[in-house]
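Numbered according to the working numbering, the sequence shown spans residues 5 to 256.
Hint data in this document are derived by calculation from the structure and do not stem from the laboratory. None of these values were measured; they are calculated from a predicted model. From the three backbone atoms N, C-alpha and C, an ideal C-beta is built for every residue, glycine too. Mixed in with the good hints, there may be bad ones.
Said to hold, decoys possible - Estimated spans, in silico, between C-beta atoms of each pair: (1) Ile9 to Thr222: 17 to 23 Å; (2) Gly138 to Ser198: 20 to 26 Å; (3) Gly5 to Phe147: 48 to 54 Å; (4) Gly122 to Lys248: 44 to 50 Å; (5) Arg250 to Thr86: 40 to 46 Å; (6) Gly226 to Gly38: 34 to 40 Å; (7) Gly138 to Ser224: 33 to 39 Å.
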Amino acid sequence: GVDVISYSIGWYNAGPGDGRGPINDAVDRAIAAGIQVVVAAGNNARRHWEGQFTDNDGDGIHNFTNSDESNAVFLNAGESLTVFLSWDDWFRSAQDYDLYILDAAGNVVAAGTNFQTGFQNPSEVTGFTASTTGTYHVLINRFSATRSVFLEMFFIVDREMQYNVPAGSLTIPADSEDVVTAGATLWSNDVIESFSSMGPTSDGRTKPDLTAPDGVSTVSYGFQDFRGTSASAPHAAGAIALMKSRFGVFTL
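Make the full structure from the sequences, and use the hints.
Below is the structure:
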């Protein structure tokens, strides 16, 4: 009896960003059953980076710029950082890249070093809680690979990463073709939030499909304090439910 699903959840390292993957498959089953699915785009525009692996000096470490092999972030003591890395070798990868987090002194504080031997996803994840306040550095290492892959990385922390790429910062399943993907605009001025994740998908489709309000008042979050695309998606879903109730159909 469900007509509309509102889904304010975003997954990382769960697929190539082109609408494929196990989460996308579940969404596709709902859509095939005639249910309209509305998905939050994500809040990662300033916490996302993607680009081709580049090694200017041949040391196996990716260059984010010609002279910088680190994507840095400042953390206060007690703040936690999780980093997700994936690359364009889905779903069984033989291209093996690793992920490291270093402190200001160059000590490794966390690492993602799973093997990719042709049977695993192209995925690494690592994280830690900062023991001291300071700048921390995220590095990508080419452990064993026959080609330079296209990399994608997300920082899960309430701060911007040093080198960010807003384009392509959608979480999964916001990349699914037939979902309505909602970005966030502040309710008071309809300006797109700087954190609101952007498309395109990895196969070049335009997303999000629309925007809806955030910064809104709710019982749970209080007065004008519900921010993010998780607020926008239920607004869009509610509007779609009203349209289906009145007209019996919704088309985008």
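Now the hints, each set against the structure:
no., hint, result
1, Ile9 to Thr222: 17 to 23 Å, "holds (19 Å)"
2, Gly138 to Ser198: 20 to 26 Å, "holds (25 Å)"
3, Gly5 to Phe147: 48 to 54 Å, "holds (50 Å)"
4, Gly122 to Lys248: 44 to 50 Å, "holds (46 Å)"
5, Arg250 to Thr86: 40 to 46 Å, "holds (43 Å)"
6, Gly226 to Gly38: 34 to 40 Å, "holds (36 Å)"
7, Gly138 to Ser224: 33 to 39 Å, "holds (34 Å)"
Every hint, counting from the list given before, is met by this structure.
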